[in-house]
Amino acid sequence: MWFATALVGMMVRSDLLGLTSLIRALNLRPKLYNSLRRHFHSSAIKLDKLVVLWGRTVLRLFSNPVRFNGRLVLVGDGIKIAKRGKKMPGVKLLHQQSNCSTKPEYIMGHSLQAVALLAYAASTCFAVPLTMRIHEGLVWSNRDKRTLLDKMLDLLQIVAIADPFYFVADAYYAARKVVKGLRKQGNHLVTRVKSNAVAYLPAEPAKGRRKRGRPKLYGKKIKINSLLGDGNLMAEANANLYGERGVKIRYCVRDLVWRPVGELVRFVAVVHPTRGKILLMSTDLTLDALDIISLYSFRFKIEHMFRQAVRQVGSLSYHFWMMDMTPLRYRNGNQYLHRKSERYRKQVRDKIHAYHTFIQTGIIAHGLLQYLSAEFPKSVWCSFGSWLRTIRPGIPPSELVVGKAMHDTLPDFLMSCAKRNSLAKLIVSRQDKHNLRILRLAS
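Everything in the sequence shown is counted per this note's numbering, starting at 1 for the first residue and increasing by one.
Keep in mind the hints are simulated off the structure, nothing from the lab.
Honestly, I wouldn't trust all of these hints.
Stated by the list, open to error - Each computed BS3-like pair below joins lysine-lysine, with the alpha-carbon atoms no more than 25 Å apart:
hint, residue 1, residue 2
1, Lys83, Lys346
2, Lys378, Lys87
3, Lys351, Lys92
4, Lys83, Lys103
Work out the full structure: start from the sequences and follow the hints.
Structure below.
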């Protein structure tokens, strides 16, 4: 039951200082710190099975997932988290591509990839996190040639969503590996393409007698960026994008042969009056152009999910060290482990397992906060014992509000349900009897 204890602690804690914040949030006995730490390192936790169960639970909890053409919508992206521990496996020098002046160009940290499911809640939409894994920094074998694209496809297989879906991602994932991997499972990709992307018209059938050699596969080359300059081919429509209502956009649609996959895909060139120009691509030729635009507009939801995971839930605030690890140097690259001893490799695996267990616990806590926000907004606001200047009726409360409401109602829950609720009984049995701060707050 340590998992349930850690889950509740992540939902109600008011600071993000690693495991000690869970001890403080639930007023647990200080001696239990090591037991909690061993829980995250335990090999009894089967992460892949836990991810599958969480994915099924999300589809049951969120009764109104986003669907286009009957398909679910999954979004994926990467995130880089600063970690300066010299004895943390997987930490390496990372480059950040961002226009924000507050972000350094290079950091030492962990590089992760995540997958989330889009679900409606009242008048808004949540990116409900499903899983997140560290995908850079460690090289286990010199024969391992997998890239981040391969590992993202592996992540989608681990999630094991049975229903067909659209995978929405940025331009980095517009690649042959991703398209082929998704199409093999009956799914489709919706993404942005770079401004220098090119495609081809379908090859014209040969006239007369067939000539020697391979038949022509591609016709005239088309620069995708040129679709933006042809005003005669562009249509106009009112769209509701990024929370804006009735915005008039111009767009152009062409079905062209994309050379990386050797088949027709649908390109959409869009001109937004304030946000500028963008080039989109979909591997589903039955998907309407406006639906492609709407689908890609949901991609920013995963960026908001990352922000909440880092600043509010603390899914990435782990601090586990490996005492026997060779200290890392500053600006260190990948750590090659194929020449290390089996004992050393096992210690690294155990530590990465602890990171992933902590992250997955935070992901489940994050999803439950979103569920409470979507399904019980009135109860959350009634239990919110603080003040906000901007309370918008009809908008589900944020994860901050839900966490604060749970923090304020936790003492009453423990006092009134300690005898009949197994979770409350478990937490109370592990509390520090010499410092009953939570119970004093309830009284």
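Mind checking the alpha carbons of Lys83 and Lys346 for me, to see if they're no more than 25 Å apart?
Status holds; Cα separation ~22 Å.
Verify the proposed pairing of Lys83 with Lys103, using a straight-line Cα cut of 25 Å.
14 Å, holds
Quickly compare the C-alpha distance for Lys378 and Lys87 to 25 Å and report which way the hint goes.
Violated, at about 46 Å.
Does Lys92 lie within 25 Å of Lys351 when you go C-alpha to C-alpha?
This hinted pair holds, its Cα atoms lying about 16 Å apart.
Hint 2 from the earlier list is the only one contradicted by this structure; the remaining hints agree with it.
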